[in-house]
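Please model the complete structure; the sequences and the hints are all you need to start from.
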Amino acid sequence: MADRRRINGPAGATIPPIFDDGVDKKTASQKPTRSRPANAVRHTFLKTGVTPSASGSAYLEVEVPGKPGVSGLKLSCTVHGPRSLPRSSPFAPHIILTTHVKFAPFATKQRRGYLRDPTERDLGSHLETALRGAIIADRWPKSGVDIIVSIIEGDQDRETSKEQGDESWDMMNALSGCITVASAALADAGIDCVDTVAGGVAALVREEANNGVAKIVIDPVPSEHVKIEAACCVAYLPTRDEITNLWFKGDMPDDNMNTYMELVQQGIQASKFANRVLVQSISETVG
Amino acid sequence: MSKMAPTVTIPGQLLGPTSKYKPGPGTHIHLSSLYSSLLGVVHITHPAKAPGPAKRLNKITPAPAPAELPTISVSRSGISEKREILPEVGNVILCRVVRISPRQAVVAILICGDTVLDAEWQGVIRAQDVRATEKDKVKIYESFRPGDIVRAEVISLGDQANYYLSTAKNELGVIMATSEAGSTMYPVSWKEYRDPDTGLSEARKVAKPF
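As you go down the protein sequences, you meet chains A and B in turn. Just so you know, we're using the UniProt record's numbering here: the first sequence kicks off at 1 and counts up by one. Just so you know, we're using the UniProt record's numbering here: the second sequence kicks off at 1 and counts up by one.
You can take every hint at face value.
Quick partial rundown of chain B residues pointing at chain A, CB under 10 Å, derived from the structure:
(1) 13
(2) 37
(3) 86
(4) 159
FRET-style restraints, in silico, Cβ to Cβ:
(5) 242/A with 16/B: 18 to 26 Å
(6) 115/A with 133/B: 57 to 65 Å
(7) 283/A with 16/B: 16 to 24 Å
(8) 68/B with 239/A: 22 to 30 Å
(9) 147/B with 110/A: 49 to 57 Å
(10) 280/A with 120/B: 30 to 38 Å
(11) 92/A with 68/B: 31 to 39 Å
(12) 189/B with 141/A: 32 to 40 Å
(13) 92/A with 139/B: 32 to 40 Å
With the Cβ distance kept under 8 Å, some of the chain B side facing chain A (calculated, not the full set):
(14) 11
(15) 12
(16) 30
(17) 39
(18) 40
(19) 76
Derived by calculation from the structure, the hints in this document are not laboratory data. Where a beta carbon is used, it is the ideal one built from N, C-alpha and C, also for glycine.
Structure, rendered in structure tokens:
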């Protein structure tokens, strides 16, 4: 990390102390398992208009199942603009979309620096692709809009050690949340969109209980599964029935094309659930 | 203008077929259907009714033109007027002169139509756009001074940084000006402002008062 201008925290993992709150040791130390059905998503909270200084803003929280009061994913998104482009930029007949995704230093088990790292850039470009398909860009010539998503909590189980779990799966959940929260913030900012885009994740997981047979679940929590074989994050426009961004990752156990299709289909299903929360939340703001 | 019960729409919500409505602000067309593109309240504006048939019914009149479709629009605030956030070609704007050069005056656009803009946009009034006649004799320093408030019309989206503006109409030009002595002046003719304290006059492209 080349950031020498700020006082950086420790580079290593920061796992907060876990206090004995009277929970039976035996059950607490057990690995969490997925208790909800394979086709159910976690409860989500979404609210728009949380940042008064921005043109539009939204806040999203996803709960941790089985741990009341603990949330896994906390995102805050602000939309600034449409505003004039800097003088150096060339003429643009449409709106220039800029997306920034930034993890808070304390959002994940591995501490994040203040400078954007490649993961954050990657998330930003995925988010831009997802939103570009939804925005009617030619309504706003010669202007730019900045979309900034802060990941306050990165959907990682703090009670598992740093070595456990693969961070790349957490990124998928983070991206789907980013897409949903940015879509709500865009609607709040009053920027023309063809549809409300929402993100959803589906994964192919291997379970011990299921004799090692892989199955597809939506909205996977990596710590709840023995192994995630593959996952896909979909940004989906429900009324247009279009996908604006598709991120597929992992190894498929067989060459069966149907498994791919099924995974994308389930991702769309997850996105529809997210969209329901989104529609409910933004409809409440106008009345 | 008549108002239906306002219904809340979200982006992507179906509003109706294009055969029934004309698209207004905050809507878009997809596969010959109208969809909302904003979060807000739906407004349907009916076109002004054509005057009724002539009283003398024995007179032969041409068949009435096909009825114009009502315009459907979506806005956040609940007002059916278009939310003007960006200056568009044809808009009348108010701006403040920032700096002048022999060829052009650079202005900051403050108000577009009836809307105070959130962001400040830069505009340019070129010497040939100051007035409609004797364009070759226009001198920018005899038309505008930094600090003047100018009413102008947008004639082009311009280049990457500037909107191109024009004051080539009677009712366009400087509407507020301060003299070199620093007091607010009053207009005395189409090209002159006078300081009430010193009595000195300064040259401006004066907007005709309404």
